[in-house]
Amino acid sequence: MKNTFIGQPMERREDLRFLRGRGEYVDDVALPGLLHAAILRSSVAHGKIKSIDTSAALKRPGVHTVITAADMPGGPPIVPMRLQPLPEFKPFEQPAIAHEKVRYVGEPIAVVLAATAAQAEDAFDAIEVEIEELPAVADWTVAQRNNSVLFDKQGTNRSMVFESRKGDADAAFASAPYVRKERLRTGRHYGLTMEPRGVMATWDAAKGMLTIYGAAKVPFFNRRILSAQIGLPVEQIEMIENDVGGGYGARGEFYPEDFLIPFAARHTGRPVKWIEDRRENLIAMNHAREEEAILEVACARDGTILAIRGEVHTDMGAYMRTNGAVGARNVSQFMAGPYRVPHVKIDSSLWMTNKTPVGTYRGPGRFEANFFLERMIDMIAEELRIDRIDMRRRNLITAKEQPYPIATVQPTNAVDEYDSGHYPETLERALQEIDWPRVSKLQGKLVDGKYHGIGVVCFIEGGAAGPKETARLEVNGDGTISLYLGTSSVGQGVETIFAQIAADALEVSIERIRHVHHGSTAYVSDGYGAYHSRSTVMGGSAVLDAANNFLAALREAGAKRLGCDANAVTLDEDKLTGGGKSVPLREFAGLTQEGVFLNKKHTYSYGSHVAHITVDPKLGRIEIIDYVVVQDVGRAINPLTVKGQMIGSLVQGLGGAVLEDLKYDENGQILTGSLADYLLPLASDFPNLRGVVLDKYPSPINPLGAKGAGEGGIIAAGGCMANAVANALSSLGVQPRQLPLSPAYIWELLQQAGRKAAE
Amino acid sequence: MKLPPFEYACPTTLNEAVALLASHNGEAKAIAGGQSLVPMLAFRLARPSLLVDLRKLPGLNEIKIGADGVRLGALVRWRDIQDDKRLESAHPLLKAAIAHVAHYQIRNRGTVGGSVAHADPAAEMPGVCVACDAVITAAGKGGTRAIKAADFFEGALTTALKPDEIVTEIHLPAWPAVRRSGFQEFARRRGDFAMSGVALFYDLDAGGKATNAHIGTIGVGDRPRRLAKAEAALNGQAVTEALAVKVGEAAAAEVDPQEDIHASAAYRRSLTGTLCERALLAAAR
Amino acid sequence: MGWRMTTKFEVNGKPVSVNVEPRMTLADCLRHELRLTGTHVGCEHGVCGACTVLVDGEAVRACLMLAVQAEGAKVVTVEGLSNDADLTPLQKSFRKHHALQCGFCTPGFITTAHALLTEEPDCDADRVREVLSGNICRCTGYIGIVEAVLDARAAYKK
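Chains as they are written, first to last, in the numbering used here: chain A, 49 to 807; chain B, 79 to 363; chain C, 19 to 176.
These are calculated hints, taken from the structure and not from any lab test.
Note that the coordinates shown come from a computational prediction; the quantities given were computed from them, not determined experimentally.
For glycine and all other residues, C-beta sits at the position ideal for the given N, C-alpha and C.
Warning: the hint list may mix true and false statements.
Restraint ranges, calculated between C-beta atoms of paired labels, are given here [as the list claims (entries may be wrong)]:
| hint | chain 1 | residue 1 | chain 2 | residue 2 | range |
| --- | --- | --- | --- | --- | --- |
| 1 | A | 204 | B | 337 | 55 to 61 Å |
| 2 | C | 35 | A | 635 | 49 to 55 Å |
| 3 | B | 103 | C | 51 | 40 to 46 Å |
| 4 | A | 106 | B | 139 | 28 to 34 Å |
| 5 | B | 94 | C | 144 | 41 to 47 Å |
| 6 | A | 495 | B | 283 | 52 to 58 Å |
| 7 | A | 173 | B | 337 | 46 to 52 Å |
| 8 | B | 94 | A | 173 | 29 to 35 Å |
| 9 | A | 493 | B | 336 | 58 to 64 Å |
| 10 | C | 51 | A | 101 | 47 to 53 Å |
Okay, the calculated bits of chain A under chain C, using three or more residues with CB under 8 Å as the criterion [as the list claims (entries may be wrong)]:
| hint | region |
| --- | --- |
| 11 | 308 to 321 |
| 12 | 691 to 697 |
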C-alpha cells in the first residue's frame, strides 16, 4: 500500500464548518409553515390519569392542536427494545405518550402544536390534567418491597434478573482461604449532550413520504420502529442525520418523541419541529448508572483472585427503554474486568422505579463494574498486606491466555471472549508515565494541609460487533469520489477517519475522497449505526470491502475503455491507466459499489489509569495533580482523534466520579432540575490529564485490526479516583463505597473514621 | 424554556422608571443585567407583566471613591469592579469577593444592584454588604430612602424593597489603612454559588491587636449575616493560628445552616469554621 | 402574536431591524429571526455558554439578554469572526489541537476566547481555564481547548 493515512494524526475535515458556525444541527433547519411542538410532561411521579382536558388550551393564541393518547386509535404505540429485546421485558416497555398511568416526572402527557415554541409552552397552564397520585417507588430498595408496583398486571417491580456464570463460584467460595464482602454504589448520571435532542418531521401526503430530521446513532433501526408504529413501509420513511451535538449512548435511541413528532406531522399535514429544552432534557433523556452491588471476592493469601459472586441492583426508572438493559447486563458480564477469574456468579436485578427510564451512557455497566471490583481489590490488598499493584499484576490476563473466555449471561446465552492483548503492559506503562518511584513515596503523606493519594486501576473496553454495516463508493462528475455510510456520526470525527481508510485502500490522495456522507437512510441499502464503540471498526471494515468492490468495478469498466485486461488497469489518482493509455476518472461518473462488514465477535481494548491527587480533609476537596490513561486500541486510525476520545471520555468519567448525580426525593421529584444542580465538569476542574495510545496488539477479528476506543477514559475514572482518595486517607481508615466523591461525602467519611478511632 | 410574555419599557429617568414599576399592580419588575432574572423567567418562576429596563437611567453606572467610602451605582457591573484598580486599596474585600462571582460572560452584564435586589443567600455582594455594614439606597414613589444592609436582606430572594422601589446605590463605608481583610468561599465548581463563604475584616490597633471585627457569612442560612460571637472572639486579640482556630470554632457554632443536595447542615457548619479560620489567617498575612 | 417591538442594532457590521416580542432572547433572535444559526442554544438558563456572542466587544450570554436590550448595540457572532477564504488563527489553533468534536459548543468557545485574547493577549493557562469555565464542552475534556487558546495568543499580540 503506497498511502499511510491510517495511523497519522490528521486534522479533521468536519472542523472547517463547525469552527465557522456553519454546522447544521436539527434546530438550524427551517421549513415554511412549521408548527412548533412543546410537550406537557407529568409533574407527578406515579399516578392514575383520571382526565385530560385540552379545550382551554386550544383557545390560546397561536395554538393549532393538542395531541394526547386519546388521538391515537387503539391507544399509543409502544417503544420496543432494540438490544436484549426479551419477551419478559415487553410488559415494561413505554407507551409513546402517557396512557392510563404516569410513572415518572417528565413522562409526556400532551403535545401542544403552535405557531411558535413560546406559544406552545404558554398553553401548558391551560391543560387540565387530573391525576390520582399513587405512592412513589423512589429507589430499588423501595421497589423490592413491591408495596407499590408500577405495572399492576406484573405484580412485581423486578423486570429481569441477568445471571452471569463461569465455572463453579459457590464451590470456589466454599474452599477459599479468604473472602471479602462489600456493598458499593454508583450515582445516577446521564449522557447529557450539549445539543439537546430535536426532531422535525414533514409529511408529503401526495407522495406518501414521511421525512424525519434529527436522526442520529441508529437511523435504520429507528426507521423500522417508526414504520411499525405509524403503519408506513420503510421505503416511505426517510431519516435525515443532521450534524449531531454529542451522543454518548443516550442520543439517537428511539424515544417517545421520535414517534410523537412524526405522528403530529401526519396528523396535521404540517411540518412539525420539537427542540428539547434543557429542563426537559434532564428528565426525558435516558438516565444511567445508578447501581448497587453486594459483592464477594474470594482470594488466595497471595492475592490470586479465585472467584467473584454477588448481586447487583439497577434502578431502571419507570420503563424498559430501547437499550435500557445494557448496563445491568454488562455489569454482570464484566465484573471481572481485565482479570483472570475462573469462577463468576453474578445476579443482576433490574428494578422499575418512578424515575426517568435508563438507557446507556458511555461505558454502560463497565464504569460501575470497574468501580466495584477495583475498590475491592484495594481493600483486599490492604487487608492481606500485599502490594495492590502486585495483586493486579498477579491477576491480569496475559497475551498467551488469549482469546480468554468470560462469563456467559443468561437468559440471553451471551457467550463471549476477549480477543487479544497483554494486559499487564498498559499497567507498567502507566506507572512509568506517572513516575511511580517518585510519586509512590507521597502516598498518604500530609503536605501543606493536603493528603496525597495515588489511584491505580485497570480496565477492559468492549467494542464493535452487532449487525452488518454498509459502505458505498461513487465516482463524482468532477472525478472525485464520494463515500456513503450506513453508520452515523455523533461528533467523533468519522468523516475524517473514513476518508483516511478509503484513501489508503484506493491508494489515492485524501482530497480525492471529496465527500463522506453518513447517517441518513437514503445513502446505502442498509446500515445500522454508532454505538458500543463500533463505528470505526464496523464502518471502517465495510469501507475496505467497498473499496475492493469499487476497484474491481473500475478495473472492469476501465478495461473496456482502454482495451486491455482488467488486471492491467490501475486507479491513478484522477484517471484509470492500463495498456499504455489512460482515461479520466470523471468519465466513470456514477459508477458505484457497496461493501459490507459483518462481525459476530467483539473487540476488547484495554488499559490502565493512574491518578495522583490531593485531598483537603477540612473541605473534602479533591484536586488532581497528574492523571495518566494508557490504552491499547489495537490499531489507531487517527491518533489525534483517539486521544481526543480518551481525554474527553476521561473528563466525563471524572464528572461521574466527583460531580454528577441525578437526585430525587422520596416522592420521585427530581432535585437536580437544572445545570446549576446537575454539575458537569468545567475547564477549571481537571487540568492535568494525559493520555497514551498504544496499538501493539491488533484485533484478530477485523481486517483493520482496530478496536473500539471511545470509552476507555470513562470506564475506570470512578474506580481510580475512589482508590486515590482511599490511598490519600489510608492513615485515617477511610474507604469510599459510593460515587460521586463529593466534598460533603468525603468530609462525612472522615467524620465517621474519626468517631470510630475515638471509640 | 421560552420566557413568558411580558411588556417592556426602557425609561430614561428614575421618576419614569418608578412610575412604571408602580403602574402594574405589583406585577412589574425591574431588569438591570438580567443575569439572575432571565433564568427565573426561563423556568417561569417569575411572570411579570412588565419589565422595566434600567439600563438608560443616568448616573447609576459609576464607582465613586471618596473620604466616606465607596459608592457603587446600582448599574455597576462585576466587570467594572474587576477593572477598577483604585478598589485594590479603596476596598480590597470587595475586590476579593467579586473575583468569585459567576463567570466571565455573566460578569460583563451582572450588576451590583441586581444582585442585592435578587438577594440570593449564597451571593457574594449581599455578603459583602452585610459584613461591611453597607447602606443601600432605594428610590420609589415615596422618595428615596437609605436601608442598612442588615435590614435589607429579609430571607432567601426576599428584601425590604417595595414593588415600586429601585436600588440606586450601595455605599460601603471608608476603608482605613489599618484594616485587614480576608474572603474565602467554597463551591462545588468555579463560579457556582458557595456552599459556604466568609467575608471578614478587622482593624489593627496600636498594639497589634484586632479591633472592630466584622465577620459575615454567605450560603449558610437564608440570608447573609454577621457573627457576633465570632467577632467577639477576635476583638482585642492578636491574630495567631491558635486564635484563628478559636474564631473559626465560634463561627461554626454560631451559624444555623440548611441542608441541600450539595451539602448537609453539619458539613456546612464545619465548612464555615474552616473558611473563617482560613480567611482570618489570610487577613493577617 | 403578543406585544411586539421594533429594535435596531448592528450584527457582524451590518445594521439590522427586527420586530419581535420583548420576551425573545437575543439568542433566539439571532438564530430564528436573522438566521445566524452559528450561535447555539444549549441550556437557556445561562450556564453552558454555547450562545456566547460579543456585545459592544464584550462576551455575553445571548440567552440571558433580550433582543430588545440590544437596541443600538454592536453584536458579533461566530459568523462575524469567520471568513470564507481561510480559518482564522484562532480557528486554526482549535483544529490543530483537536479542540472540538461534535462542534456544538464550539462557537461559544470561539467567541469567548476571541474576547479574552483581544483584551488579554498575555493571559496564562490559569486565566484561560478560569474564563473558559463559563463554557461547557462535553466532548473534549477541555485539554485541547486550553492548549488551542494558549497557542493562539501570538496572533492577538500587537
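Structure-based check of each hint:
| no. | hint | result |
| --- | --- | --- |
| 1 | A:204 with B:337: 55 to 61 Å | violated, 34 Å |
| 2 | C:35 with A:635: 49 to 55 Å | holds, 52 Å |
| 3 | B:103 with C:51: 40 to 46 Å | violated, 32 Å |
| 4 | A:106 with B:139: 28 to 34 Å | violated, 47 Å |
| 5 | B:94 with C:144: 41 to 47 Å | holds, 45 Å |
| 6 | A:495 with B:283: 52 to 58 Å | violated, 36 Å |
| 7 | A:173 with B:337: 46 to 52 Å | violated, 31 Å |
| 8 | B:94 with A:173: 29 to 35 Å | holds, 32 Å |
| 9 | A:493 with B:336: 58 to 64 Å | violated, 36 Å |
| 10 | C:51 with A:101: 47 to 53 Å | violated, 35 Å |
| 11 | 308 to 321 | violated (count 0) |
| 12 | 691 to 697 | holds (count 5) |
Comparing the model with each numbered hint stated earlier shows that hints 1, 3, 4, 6, 7, 9, 10 and 11 do not hold.
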